[in-house]
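Student: Sequence:
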Amino acid sequence: MTSFDTSPQLSVWRVLLALAVVFVMLATTGWTALHNQRETTPLQASLDSWTHGRLHGHRLPDPDASPALLSRYFAKLGSQERVHLAQRYPLAVGNMNGAPVGLRYQANRLALLQARGVERARMHDPRLTPSGQQEAGERMRRFEALTAPDRHILAFDPDGSGRVAEVFGDLRTAERVSVVVPGVDTDLLTFQRTNRSWSAPVGMAKALYRAERKASPATRTAVIAWADYTAPAGLGIESATAMRAESGAVRLNALVRALPGATPVSLFCHSYGSVVCGVAAHTLPARVADIAVAGSPGMRVANASHLRTSARVWAMRDADDWIQDVPYLELGGLGHGADPMSSAFGARVLSAQGADGHAGYFQPGTESLDNFADIGVGAYRSVRCAHEDEACRAGLSGTATAGRA
3 MTSFDTSPQL
13 SVWRVLLALA
23 VVFVMLATTG
33 WTALHNQRET
43 TPLQASLDSW
53 THGRLHGHRL
63 PDPDASPALL
73 SRYFAKLGSQ
83 ERVHLAQRYP
93 LAVGNMNGAP
103 VGLRYQANRL
113 ALLQARGVER
123 ARMHDPRLTP
133 SGQQEAGERM
143 RRFEALTAPD
153 RHILAFDPDG
163 SGRVAEVFGD
173 LRTAERVSVV
183 VPGVDTDLLT
193 FQRTNRSWSA
203 PVGMAKALYR
213 AERKASPATR
223 TAVIAWADYT
233 APAGLGIESA
243 TAMRAESGAV
253 RLNALVRALP
263 GATPVSLFCH
273 SYGSVVCGVA
283 AHTLPARVAD
293 IAVAGSPGMR
303 VANASHLRTS
313 ARVWAMRDAD
323 DWIQDVPYLE
333 LGGLGHGADP
343 MSSAFGARVL
353 SAQGADGHAG
363 YFQPGTESLD
373 NFADIGVGAY
383 RSVRCAHEDE
393 ACRAGLSGTA
403 TAGRA
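First residue of the sequence shown: 3, per my numbering; consecutive thereafter.
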């Protein structure tokens, strides 16, 4: 691991330099945003069409209505009526919090097939550069892979770098639900990887689902790979501020509130994803039982109590994770606050043995993944703490008894 000079004077100069860069970049990006207004996105077009649509002469409900209201609306419809709406407004229904889970899967498959056709045409568009045509091909192949019969896509937006969420297990019958919230450079093209699969959202969720099944075979679980927010691109201005986290927090809160049933939900937030979870914490419903962060740059608060949540807050970090060298402070909007691993923060600190750096927390065979799985199934007495005093399990002696095999 690289050695860094951590003297107070150098840290101050780093912050001042970073702030200067922030102010310059904010000024220029503000100008750019004003001069790069885009046309209506496919999702917005579908929502607009829904807003002006009718069924049997009656107007359709507001797509931004509460999940409970939308759920009641769909419950009153017959199966043919629901399928008709999914076929006519696939992107709207596929991303509609409150629509039946199975219907969202159907709608998103239709939306993905349509998006695949668009990208196939762009592959041969002479107006695009060779690299643009190549990217269209990559997107087309990703969309095609997501339409496989065994995939359950809960959310999909093809605009820009894209957003997507996929479910493993059965959300409708799950007794425990886990949500994986990834960090920077997460989009449609990085949603899954073949090499080191557990370092991308799909692999993270698959590994967690399998580990939960192993930890408690009798517990019905579901895991969501949630890349349904616009994550920062790279380690630049976006990742150093809360701008992306604030919009992501709104979407995360909407997702949790729309999940069927009232089963406990655990959030597993990696890297910048922990910033999203930190910003969202005070808005999340009480069914969120756990917020576990790994490789966190901070949660935008000085202390876990400031998250204003009833959820248990857990933290872990591998000894070789470079994130520990990031200054844990917040100044002028730059930085994400205190280190969740510090004793002063007040999180339950878990072992991450075997994680091997910043991207390895979901690698099978690691204590980090085993700990996540135990939290996901509610087997709190089985977690392994980072310190011998086992303070991370304090007050949890009466919780679930399921544990590692």
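The set of hints was computed from the structure by calculation and includes no laboratory data. Watch out, some of these pointers could steer you wrong.
As the list claims (entries may be wrong) - Simulated crosslink set (DMTMM-like; lysine to aspartate or glutamate; CA at most 25 Å straight-line):
id, residue 1, residue 2
1, Lys78, Glu121
2, Lys78, Asp152
3, Lys216, Asp66
4, Lys78, Asp66
5, Lys216, Asp50
6, Lys216, Glu137
7, Lys216, Glu177
8, Lys216, Asp358
9, Lys78, Asp64
10, Lys216, Asp187
Unchecked claim - Okay, the calculated beta carbon distance ranges per label pair:
id, residue 1, residue 2, range
11, Ala288, Arg198, 21 to 31 Å
12, Val252, Gly356, 31 to 41 Å
13, Ser68, Ala321, 21 to 31 Å
14, Glu41, Ala235, 34 to 44 Å
15, Glu41, Ser199, 10 to 20 Å
16, Gln116, Ala77, 19 to 29 Å
17, Thr285, Asn305, 28 to 38 Å
18, Glu41, Gly356, 26 to 36 Å
19, Thr43, Ala321, 36 to 46 Å
Note that the structure is predicted; figures quoted are calculated from it, not measured. In this text, a Cβ means the ideal position worked out from N, Cα and C, and glycines have one as well.
Student: Determine which of the earlier numbered hints do not hold for this structure and return their numbers in increasing order.
Tutor: Going through the list in order, the structure violates hints 1, 2, 3, 5, 6, 10, 11, 13, 14, 15, 17 and 18 and respects the others.
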